[in-house]
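Peer 1: If you're matching them up, the sequences are chains A and B in order.
Note that numbering that gives the first Met the number 0 has the first sequence beginning at 0, numbered continuously upward.
Note that numbering that gives the first Met the number 0 has the second sequence beginning at 0, numbered continuously upward.
Calculated from the structure, these hints are not laboratory results.
All clues given are correct.
Below are the DSBU-like pairs computed for lysine-lysine, each with C-alpha atoms no more than 30 Å apart in a straight line:
no.: 1; chain 1: A; residue 1: Lys210; chain 2: A; residue 2: Lys101
no.: 2; chain 1: A; residue 1: Lys210; chain 2: A; residue 2: Lys105
no.: 3; chain 1: A; residue 1: Lys71; chain 2: A; residue 2: Lys55
no.: 4; chain 1: A; residue 1: Lys234; chain 2: A; residue 2: Lys159
no.: 5; chain 1: B; residue 1: Lys160; chain 2: A; residue 2: Lys210
no.: 6; chain 1: B; residue 1: Lys160; chain 2: A; residue 2: Lys3
no.: 7; chain 1: B; residue 1: Lys7; chain 2: A; residue 2: Lys105
no.: 8; chain 1: B; residue 1: Lys105; chain 2: B; residue 2: Lys160
no.: 9; chain 1: A; residue 1: Lys101; chain 2: B; residue 2: Lys7
no.: 10; chain 1: B; residue 1: Lys130; chain 2: A; residue 2: Lys55
no.: 11; chain 1: B; residue 1: Lys105; chain 2: A; residue 2: Lys3
no.: 12; chain 1: A; residue 1: Lys71; chain 2: A; residue 2: Lys159
no.: 13; chain 1: B; residue 1: Lys130; chain 2: A; residue 2: Lys44
no.: 14; chain 1: A; residue 1: Lys234; chain 2: B; residue 2: Lys221
no.: 15; chain 1: A; residue 1: Lys210; chain 2: B; residue 2: Lys7
no.: 16; chain 1: A; residue 1: Lys234; chain 2: A; residue 2: Lys71
no.: 17; chain 1: B; residue 1: Lys7; chain 2: A; residue 2: Lys104
no.: 18; chain 1: A; residue 1: Lys210; chain 2: A; residue 2: Lys104
no.: 19; chain 1: B; residue 1: Lys130; chain 2: A; residue 2: Lys234
no.: 20; chain 1: B; residue 1: Lys130; chain 2: B; residue 2: Lys221
no.: 21; chain 1: A; residue 1: Lys55; chain 2: A; residue 2: Lys44
Small disclaimer: the values here were computed from a predicted structure and weren't measured.
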Amino acid sequence: MSLKWLRANWELYLLILPVIAYFIIFHYVPMYGVQIAFKDFIASKGILGSPWVGFKHFERFYHSYYFWRLIKNTLGIGLFQLIVGFPVPILLALMINEVRVKRFKKFVQTVTYAPHFLSTVVMVGILVIFLTPETGIVNQIVQAFGGQSISFMTEPSWFKPLYVLSGVWQQMGWSSIIYLAALSGVDPQLHEAARVDGATRLQRIWHINLKCILPTIVILLILNTGSILSVGFEKVFLMQNDMNLESSDVFATYVYRSGLLGAQYSFSAAVGLFSNVVNFIIIVAVNYVARRVGSTSLW
Amino acid sequence: MGETRGDKIFGIVNAVMLILILAIVLYPLIFVISASVSNQLAVSSGRMWLFPKEFTLVGYQKVFQNREILVGYGNTILYAVVGTSINLVMTILAAYPLSRRSFAGKNVIMFIMVFTMFFSGGMIPTYLIIKNIGMLNTMWSLVIPNAVAVWNIIIMRTFFKESVPVEVQEAAMIDGCSHTGILLRVMLPLSMPILAVMTLFYCVDHWNSYFSALIYLTDRAKFPLQLILREILIQNQMDKMAGAATSLSEQIMYGQAVKYAVVVVANLPVFLLYPFLQRYFVQGMTIGAIKG
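Bound-form chain A, shown alone:
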């Protein structure tokens, strides 16, 4: 970088300065502030002035009743979501890609993308309305077939399936956009050649389409795996209630309860830091494996 270049381009730095300031203040200062996890935070002394206590809060958390429950729930929801929620958009994209009638294709896309725009509050609200005991439409159907009305929202065993399946309903279309974009880049000549060789449509989807979008799938798989511990807190929190807590309590909701509602700042910061670090390790590990096994990786 020469002085001459700098003189001609100093404006670029001026332009990006507010953005850098933003990232420092609202992302890196909190990262620095996470040191309260190793301190006993005293409001009057501030973050820097509070006394160090080492791993006290981590040990307390590790020995608490909540530790394994949070691990079990967070991982359970995350894995369930990965196994059910990840393949569906790929399948949907492959199916939409096979539609030859343009208008039908467009219609399917328009409709399946739409639920993405519902807010989390509305999404959970619709769940509550539909699953109301006795009068909700789902329980009306259950009762019509002679079943007992089920209290879906308060039954712990229903929490995870409801969370994951409603997520699939809401996001499958939107998540398929990326795969559809990748599919549109598939060379038609490959299909031509395969057809001459007598390949069926299913064979061509399997050997050509799926293969062509494999890098995209791997990248998204890494990203999804990386966020396994940060499961959609906003939605979990809304679906949570005292009755289903044993299967719905995850790291983030616990941090919120003990930290912001219970004002145990240091302890909850430790819990939050623990889950962030584990998350980070997972994403680095998955990326490493992906780079070793295939040729695609994030970095």
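For this one, chain A is given, so just place chain B on it according to the hints.
Peer 2: Here is chain B on its own, set in the frame of chain A:
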């Protein structure tokens, strides 16, 4: 083209399955809209299952008589407009320098930004910072801490890089145009489609968010619509809502009507814009996906 019989059957099976998916996605949406204009007795007894029965607008009446919903609606519009404006300015300010090939320090700055996608200080330290700055219980706590999204910067930068020819930028520079001049007079006018996408993405985010408001706001008069919705839909606080209803059953009926109506009203703006903007946002998603 000569399709075999197996291929034709495949096409039919595929179409049938897609129609099934369509039904699954559409049914809840249609049900909510129909229920919002039906007699709630018909809804809760199962007589209304697809199309409205015993048409009534009582739910909407109650919604528009409710001050909290209206105030929340107004707040949300304010937050969305202010927030989206900040988002757009910040995204552009970051994307333009990063799109310049010769921008020294590009990789370092990129790393600083992308790293925050994978690691963060967490909820508590962030909360304490917001508190220390004195943003608690102000509109700024909702629009400043998420002033820009890294993913959108990447999309925007890629668009600048791929879609506006370097020659055009260099020509402007030779003509004595400053960087700010190029950005305002060359880049932005050529980037309208991507700006539309960004506006939609950011706007929807603000419209739908409730969590920042939940932790940072305490003053009910400042609550956005989604927090009010949460009380109505999920926490079932509708005593005031049912208003002058005489009997308990009537109150429950009104409550149900309000729930359906409020869902429709809350999503109306997004769904009205949706068909017009769909073309753009697919474009935006794909730019980010393929070249990001």
